[in-house]
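Trainee: Just so you know, the protein sequences line up as chains A and B, in that order. Using this note's numbering, the letters of the first sequence map in sequence onto residues 1 to 235. Using this note's numbering, the letters of the second sequence map in sequence onto residues 236 to 470.
Treat the hints loosely; a few may be bogus.
Distance windows between CB atoms, simulated [what the hints assert, rightly or not]: (1) B:R333 to A:Y72: 24 to 32 Å; (2) B:G404 to A:Y72: 29 to 37 Å; (3) B:L378 to A:T172: 38 to 46 Å; (4) B:L340 to A:T146: 46 to 54 Å; (5) A:Y72 to B:L378: 40 to 48 Å; (6) A:A4 to B:E263: 32 to 40 Å; (7) A:R188 to B:Q443: 40 to 48 Å.
Partial chain B-side listing against chain A, Cβ under 8 Å, derived [stated by the list, open to error]: (8) L252; (9) L258; (10) T268; (11) P275; (12) P282; (13) A312.
Beyond 10 Å from chain B on every Cβ pair, some chain A residues (computed) [claimed, not checked]: (14) Y44; (15) P54; (16) E118; (17) F135; (18) V211; (19) H214.
Hints listed in this document are in silico derivations from the structure and should not be mistaken for laboratory results. What you are looking at is a predicted structure, and each value in this text was computed from that prediction instead of being measured. Glycine included, C-beta positions come from ideal geometry on N, C-alpha and C.
There are 2 protein chains.
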Amino acid sequence: MGKALRKLGVLGGMGPLATVDFLQKLIEETPATRDEEHLPVIVYSVPQIPERPPAITGNGPSPLPHMLEGIYTLKRAGVDAVAIACNTAHYWYDDLLREGGVPILHIADAACRALANEATRVGLIATGGTIAAGFYQQRFAALGKTCLLNSTHEQHTLVGPAIGHVKRGELTQAHALATRAAQGLLARGAQGIILGCTEIPLAIEFGQSAVSAHCIDATRALARGCVRWWQDDRD
Amino acid sequence: MGKALRKLGVLGGMGPLATVDFLQKLIEETPATRDEEHLPVIVYSVPQIPERPPAITGNGPSPLPHMLEGIYTLKRAGVDAVAIACNTAHYWYDDLLREGGVPILHIADAACRALANEATRVGLIATGGTIAAGFYQQRFAALGKTCLLNSTHEQHTLVGPAIGHVKRGELTQAHALATRAAQGLLARGAQGIILGCTEIPLAIEFGQSAVSAHCIDATRALARGCVRWWQDDRD
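Construct all of the structure, not just a fragment, from the sequences and the given hints.
Mentor: Structure representation (structure tokens):
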């Protein structure tokens, strides 16, 4: 190996299952036939961290110090870039980038790269925190695309509960609710849907449904982005 | 939280898929309904490390310096104990424990804990390196149990190729071969089989087969041991 081995840091634990799902997809997206062709990764998965959505609405403590502790730990461990296996956590992206002092591959950049040029109306399934943060909508606007969101009612009765079910390992229930949230967006004209919460792809993929074909899994897109980052280095 | 949060370190990457499988089983074995009830883990998964089996037979460079680098990195990151998501790597357990200076939960201790008292003939499916290391056989002997191993021919035509297929993501082929290796041990009187290679449970579990009921998954047993370690601290 000519140059020093670049390592990827993964800031996870929000939640733990979504972190494992990201690592699994990182393996699936890596063109490898032998162990040593896979990305070297160091994962910080410490789920003892304040909930992100209440912090964003000002109803809970900030998780930023905990996330920075994770970034610092990964940096000390020698990583060259970080991927955050949680969409909502990207609310603090600018702070993490500035304070952490290590490149962070943005999940929304990776997901938007997967959008078809001809899709002008794009749905987004995400937590209230991610929606409030606005980083997906800003990217859609820059690409000249209209963003379709679930209604407040759908958010409370479908998206939120689906995420909770995934966190409790109840994937059958999660699948039914997440699928209905996606159907709602398709019915209103979405030509593609970004699954912008790491729990939602787990819910959608748990069973067969016609909506899958229209969905972009932000977790898988981030994994693909990390593989590109790793390959660019080796070229 | 009254006392400082204990963290588990995971030395992985040998191979990457087995590491993800261990993390998945760690989640499954944790009685949790919320994110923060899951174990805080830091994972060092760097697959750029010399192959373990040739090193054990004196036909390749030692992976010990790489594994120690992993242990040191985990220790600097603040872990209080380490689990190694690879059976064969336990060949260097004593070195890692002595040089690393951090407790390491031994996968064979965890797996043997799952053996039924009444089982006197126990099968072991493992790499040649693990078999040569002898740490499973020593524990079986201490428990008064006879160890049944696959023949050299089965090792070359079933076990070895099954592990290779898992590492290449070819689980259908891996399943067929690993199942035959287990059937061979059951036919010779094994009353239980320890799957003592982290790739083998992935192969066996990929499809339905009657052998599963007789198998002890060392990876899952290690996960359970880690959960016990974590819970003991909180009690």
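Trainee: Each hint needs a verdict: does it hold in this structure or not?
Mentor: Going through the hints against the structure:
Between R333 (chain B) and Y72 (chain A) the CB atoms are about 29 Å apart, so this pair conforms to the stated range of 24 to 32 Å. Checked against the hint of 29 to 37 Å, the pair G404 (chain B) and Y72 (chain A) passes, with Cβ atoms roughly 34 Å apart. In this structure, L378 (chain B) and T172 (chain A) meet the distance hint of 38 to 46 Å, their C-beta atoms being roughly 40 Å apart. As the Cβ distance of L340 (chain B) to T146 (chain A) is approximately 53 Å, the hint placing it in 46 to 54 Å holds.
About 45 Å separates the C-beta atoms of Y72 (chain A) and L378 (chain B), a value consistent with the hinted range of 40 to 48 Å. Between A4 (chain A) and E263 (chain B) the beta carbons are some 36 Å apart, a value that agrees with the proposed interval 32 to 40 Å. Take R188 (chain A) and Q443 (chain B): their Cβ atoms lie about 42 Å apart, and the range 40 to 48 Å holds. Hint status for L252 (chain B) relative to chain A: holds, with the closest Cβ pair at about 6 Å, below 8 Å.
With 8 Å as the threshold, the beta carbon of L258 (chain B) comes within range of chain A, its nearest partner Cβ sitting at about 5 Å, so the hint holds. A cut of 8 Å between beta carbons decides the hint on T268 (chain B): the least distance to chain A is about 5 Å, and the hint holds. Interface restraint check for P275 (chain B): the shortest CB-CB distance to chain A comes to about 4 Å, inside 8 Å, so the restraint holds. The interface hint given for P282 (chain B) is met, as the beta carbon of that residue sits about 4 Å from the closest beta carbon of chain A, less than 8 Å.
The interface hint given for A312 (chain B) is met, as the beta carbon of that residue sits about 5 Å from the closest beta carbon of chain A, less than 8 Å. The beta carbon of Y44 (chain A) sits about 6 Å from the closest Cβ of chain B, which is not more than 10 Å, so the claim that it is off the interface is violated. Under the 10 Å C-beta cut-off, the non-interface status given to P54 (chain A) relative to chain B holds; the minimum distance is some 13 Å. For E118 (chain A), the requirement that its beta carbon stay farther than 10 Å from each beta carbon of chain B is met, with the minimum near 33 Å.
Separation of F135 (chain A) from chain B is adequate, the least Cβ-Cβ distance of about 22 Å exceeding the 10 Å criterion. The non-interface label for V211 (chain A) is consistent with chain B: the shortest C-beta to C-beta separation is roughly 25 Å, beyond 10 Å. Chain B leaves H214 (chain A) outside its interface by the beta-carbon criterion, the shortest separation being 27 Å against a cut-off of 10 Å.
In this structure, the one hint that does not hold is number 14.
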